[in-house]
Amino acid sequence: MTRERIDKKRWRTLGKAVRQQARAIDATPNERNAIERALAALMLACEMRSYREARSAPGPIIFDRGIPDVVGYLRLCGLPIPAPALRAAEQRRYANRVFIAPPWPAIFEQDAERKQTLAEAEATFHAMVDVYCGLGYELVALPLVPVAERARFVREQIAA
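Quick note: the sequence shown uses this note's numbering, first residue 15, plus one each step.
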C-alpha cells in the first residue's frame, strides 16, 4: 500500500526515513557488521522520534516501521540487541493491533531502495512476526489484493 493512498484519506504516516538514510551508506562486506549496528542505531533514533511526534498528533497515525522493527532487524542480522533498544520496544507501545504486510511473490521486485531478495523479504517478515507477537501485539496481515482494496481494508480495520 502506498503512503500516497493513505495520505489521501488524511491519515498521518510516519516512517521510511531510515530507508532514505540507508541508501547513503555504502560498505564492503568486511564493514557490514559495523554498518548494520550503525543502521540499527539510526533506525532506533528515527523510530523514537516518530513515536514522540505521534504522541501529540490527533487521530490515527500509520507508521511504516516501529521501534520493534529495530529488534527484528538486529535479530535478522544475528547481532545482539542492546538493552535500550529492547526497553524502548517494551515501553513505547503502539496500538495493540498492528498491520503487517506479508511478502507477495507475484508483485515482488527489487529497486534502488529495496535491495532484499524475496527470500530475505520472507525472513524479514518472519522476524517481524516473531518480535511483534513476542511483545504481545495482535498482527493483522494485509490482504494480497490491489492497493485500493488494501487501503479500504486498513480504513475498515481502523474504524472497527
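Any given hint might turn out to be false.
What follows is a set of in silico ranges between Cβ atoms, one per label pair, in the way DEER data are often shown [to be verified]:
#1 Ala-48 with Pro-72: 37 to 43 Å
#2 Pro-160 with Ala-59: 18 to 24 Å
#3 Arg-66 with Val-161: 25 to 31 Å
Subject to a maximum C-alpha distance of 20 Å in a straight line, what follows is the list of computed SDA-like cross-link-like pairs (lysine to any residue) [stated by the list, open to error]:
#4 Lys-129 with Ser-70
#5 Lys-129 with Leu-90
#6 Lys-129 with Tyr-65
#7 Lys-129 with Tyr-151
#8 Lys-129 with Thr-42
#9 Lys-129 with Phe-139
#10 Lys-129 with Leu-56
#11 Lys-129 with Glu-45
#12 Lys-129 with Trp-118
#13 Lys-129 with Cys-147
#14 Lys-129 with Ala-48
#15 Lys-129 with Pro-117
#16 Lys-129 with Arg-66
#17 Lys-129 with Glu-50
#18 Lys-129 with Asn-47
#19 Lys-129 with Ile-49
#20 Lys-129 with Arg-79
#21 Lys-129 with Gly-92
#22 Lys-129 with Pro-72
#23 Lys-129 with Pro-119
#24 Lys-129 with Ala-141
#25 Lys-129 with Pro-96
#26 Lys-129 with Val-112
#27 Lys-129 with Ile-75
#28 Lys-129 with Arg-164
Derived by calculation from the structure, the hints in this document are not laboratory data. C-beta: ideal position from N, C-alpha, C; glycine also.
The hints, checked one at a time:
1. Range check, Ala-48 to Pro-72: Cβ separation about 40 Å, and the 37 to 43 Å hint holds.
2. At roughly 35 Å, the beta-carbon separation of Pro-160 and Ala-59 lies outside the given 18 to 24 Å, and the hint is violated.
3. Distance hint check: the CB atoms of Arg-66 and Val-161 are about 30 Å apart, consistent with the given range 25 to 31 Å.
4. Between Lys-129 and Ser-70 the alpha-carbon distance is near 34 Å, which puts this suggested pair outside the 20 Å criterion.
5. Proximity of Lys-129 to Leu-90 is assessed by CA-CA distance (about 15 Å); at most 20 Å being required, the pair is judged to hold.
6. For the proposed pair Lys-129 and Tyr-65, the alpha carbon gap of about 26 Å is over 20 Å, so the pair is violated.
7. Proximity of Lys-129 to Tyr-151 is assessed by CA-CA distance (about 28 Å); at most 20 Å being required, the pair is judged violated.
8. With a C-alpha separation of about 15 Å, the suggested pair Lys-129 and Thr-42 falls inside the 20 Å cut-off, and the hint holds.
9. Distance check on the hinted pair: Lys-129 and Phe-139 sit about 15 Å apart at the alpha-carbon level, within 20 Å; holds.
10. For the hint pairing Lys-129 with Leu-56, the CA-to-CA distance comes to about 18 Å; that is within 20 Å, so the pair holds.
11. Restraint check: the Cα-Cα separation between Lys-129 and Glu-45 comes to about 18 Å, which is no more than 20 Å; the hinted pair holds.
12. With a C-alpha separation of about 15 Å, the suggested pairing of Lys-129 with Trp-118 holds against the 20 Å cut-off.
13. The suggested pairing of Lys-129 with Cys-147 is violated, with an alpha-carbon distance near 26 Å, which exceeds 20 Å.
14. With a CA separation close to 19 Å, the supplied pair Lys-129 and Ala-48 stays within the 20 Å bound.
15. Of the supplied pair hints, the one linking Lys-129 and Pro-117 holds, its CA atoms being roughly 14 Å apart against a limit of 20 Å.
16. Taking the CA atoms of Lys-129 and Arg-66, the gap is about 29 Å. The hint is violated against a cut of 20 Å.
17. Restraint check for Lys-129 and Glu-50: satisfied, since their Cα atoms lie roughly 15 Å apart, inside the 20 Å limit.
18. Taken as a hint, the Lys-129 and Asn-47 pair is honoured in the structure, with Cα atoms around 17 Å apart against an allowance of 20 Å.
19. With a C-alpha separation of about 16 Å, the suggested pair Lys-129 and Ile-49 falls inside the 20 Å cut-off, and the hint holds.
20. Our distance criterion of 20 Å between C-alpha atoms is met by Lys-129 and Arg-79, whose separation comes to about 17 Å.
21. Restraint check for Lys-129 and Gly-92: satisfied, since their Cα atoms lie roughly 19 Å apart, inside the 20 Å limit.
22. For the hint linking Lys-129 to Pro-72, the alpha-carbon distance of about 35 Å lies beyond 20 Å, and the restraint is violated.
23. Among the hinted pairs, Lys-129 with Pro-119 is consistent with the structure: their alpha-carbon atoms are about 15 Å apart, no more than 20 Å.
24. Distance hint between Lys-129 and Ala-141 is fulfilled; the C-alpha atoms sit about 17 Å from each other, no more than 20 Å.
25. Between Lys-129 and Pro-96 the alpha-carbon distance is near 26 Å, which puts this suggested pair outside the 20 Å criterion.
26. Proposed proximity of Lys-129 and Val-112 is contradicted: the alpha carbons are some 25 Å apart, above 20 Å.
27. For a cut-off of 20 Å, the pair hint linking Lys-129 to Ile-75 is broken: about 27 Å separates their Cα positions.
28. Annotation: proposed proximity of Lys-129 to Arg-164 is violated, straight-line Cα distance about 24 Å (limit 20 Å).
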